[in-house]
Amino acid sequence: MKWYLVITYISLVVCIAGCLYHVIQIIRHRKTRDFSKSADTVGSAITYSFTKAMNPARKESAYLHVPTYIAGMLYHLGTFLSAVLLFVFLFSIDLYRTIELFISVFLMVSILCGTAILVKRIFSKLLREITVIDDYISNILVTAFQVCTLVYIHFSLPVYYIAASALLLYIPFGKLRHAVYFFAARYYLSLFYGHRGTWPPIKH
Amino acid sequence: MEHLSTHTIEKGLEILRKFDDGRFLTSINSCVHCGLCADSCMYYVSMKENAFIPAKKVALIESIYKRYYTFTGRTFPKLIHAKELNGETTAELIDLFYGACTLCGRCNIHCAIGVDIAYLVSIGRAMLAEMGLTPPTLQSTVDAALTSGNNMRIATDDFVETLKWLEEELRDEVNDPDASIPLNEKDRNLLYTLNPREPKFFPLSISAMAKIFYAARESWTISTHMYDVTNYAFFTGNLNEARIIAQRMLDEVKKLNCRELILAECGHGERAFRWEAPNYLQTNFDFPVRTSVELLAQYIASGRIKVDKTLMKEKVTLHDPCNLVRSGGIIQEQRYILSKTVTDFVEMNPHGADNLCCGGGGGQLSMSEYNERRMKIGELKAEQIKKTGASVVVSPCHNCVDQLLQLNSYYKLRVKIKTLAELVAEALVLE
Ligand code: SF4
Ligand code: SF4
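Chains as they are written, first to last, in my numbering: chain A, 1 to 204; chain B, 205 to 635.
Derived from the structure by calculation, the hints contain no laboratory data. Be careful, since some hints might not be right.
What the hints assert, rightly or not - Derived DEER-like restraints, expressed as beta-carbon distance ranges:
1. B:E288 - A:S92: 47 to 53 angstroms
2. A:H154 - B:E288: 48 to 54 angstroms
3. A:I10 - B:N290: 37 to 43 angstroms
4. A:V13 - B:L283: 21 to 27 angstroms
5. B:K580 - A:V151: 37 to 43 angstroms
6. B:E214 - A:M73: 23 to 29 angstroms
7. A:M54 - B:L387: 24 to 30 angstroms
Here a beta-carbon is modelled for each residue, glycine too, at the ideal position from N, C-alpha and C.
Construct all of the structure, not just a fragment, from the sequences and the given hints.
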């Protein structure tokens, strides 16, 4: 087996183990008992939290910032696509070739979005107020991974595996772990608003 | 801020360690620093100061937590800008967590991820309270409640005198010498609470509720020993003091053996007793707890009281208290009451669970050092009110009413501010 593949496999194991650590932490610290009398809408609030509450028409973070929201969505989709392709490459699954043009174009758009987000972070005074080095590293690693994926589709260069490994190794330690915590955050929010009867909203 | 002793710092850090529950752990690890919550917070929207965005508050507590409790923060603090808890960060915490947040929770529902920002702020406040750094103005309100039994230090004799005077007025108004405001009666259906602002400044809201109880032929009582629905320790973050205040109310319900506790129109009072107190006290309440808003809606819906909406000729709008709607789930009841008591009702935009805070929540009304900010952030509410064209603003919260009254004169809104009970009492048809 090639050395860069070995590194990638090791990084993948580290990444999965790191993410599992966070999942275990979340489960270990799961909600302790709430003694107040529940409004009993927790079940439907959980569904609402992951569906309608994410509707861009209901979130100011989306509808007041349409370009950033769209760029963020495309960038995330590009990241998922690149992650799927990593498995395709690692396990030599030959199914992407038929759609490689589509994938390439999509990745190009996603890379542009990622770069735009990085530029915005650098130049926005508001964002600089809350930005830490981790934010830059995370953005650069993900964008570099997408660029290498795009290149690898056409030219099989080992640098692709280095970029993938760097990203995999970083995920559990930096802000990219929000890939795990995002689901827990939405769950806890629904627990709170469902217990109190705020979610799901009743139409009036 | 002057140098903090190691002991003080350890006390603060101990709170962060103690609150290491799933809700906290998740929120402290979820923020992606996108800044998209900025426009959901009235502090940022009204003052355009970057330091006031909700994410900044998250970043501050996150940076301290991670510095002490995570591998990355301990090993590579610069990477995530992990900060020590010291005089500098403490001063920042006090200014942002007490002075630039009403705990309204609006940012929570609009956050791109779902970070419980208001919860993180309340934990930051708990940390500061443990370190003895609660703003003295806010702490004095809690101290008043702890030492005198109510947050306005109203002497029991004065309180009883006010209620006796109101009882006389009630008898005259309903023309019934037997009409009463029962005090300290045992075995009644309802124990009714008050916000101390009522006997002190707005006794007409007590009259209004007494008239409604009279019309409903309710079996009710008020305790002269513990009637204060508020719990400002919920705002300071001092859970021991919050527990003492909550325990007193619980003891009073037991002592008077009433079947149900009715919380007066007070957003945070409702939140503090109905939702937080069972957890402060680690017990399930074995009696129902409802707000007067729910009770009024039930009286009307069941026909127990009759109201005539044509009596209200003016255009009315509603200000939703954050604690009642977003953190209490009471959104429809007040709208139902309004549909039965006024003919010309107009909603503010946004409203309900997406409402804008009036600016007086989170203990802001007690912290005079932040008065200027409070009036500035209230501008958004003032604009909302103006846009409705209403001449009456109703709000089921005495804290909100207080802030709205101040906004009314500051921004020359020329509107009348009322509680829901006052509105219902005006529409009441006595048979
Ligand atoms: S919107 Fe949420 S995730 Fe984004 S900066 Fe604000 S708190 Fe963090
Ligand atoms: S809870 Fe309200 S006041 Fe506090 S940061 Fe969020 S939106 Fe702003």
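Now for the hints, and whether the structure bears them out:
1. At roughly 50 angstroms, the beta carbons of B:E288 and A:S92 sit within the given window of 47 to 53 angstroms.
2. Our hint of 48 to 54 angstroms for A:H154 and B:E288 holds, since their Cβ atoms are close to 49 angstroms apart.
3. As the Cβ distance of A:I10 to B:N290 is approximately 40 angstroms, the hint placing it in 37 to 43 angstroms holds.
4. Against the hinted window of 21 to 27 angstroms, the Cβ-Cβ separation of A:V13 and B:L283 comes to about 23 angstroms, which satisfies the hint.
5. In this structure the hint that B:K580 and A:V151 lie 37 to 43 angstroms apart at CB is violated, the actual value being about 52 angstroms.
6. Between B:E214 and A:M73 the C-beta distance comes to about 44 angstroms, which lies outside the given range of 23 to 29 angstroms.
7. For A:M54 and B:L387, the hinted distance range of 24 to 30 angstroms is not satisfied, since their beta carbons lie about 51 angstroms from each other.
Hint violations for this structure: numbers 5, 6 and 7, all remaining hints satisfied.
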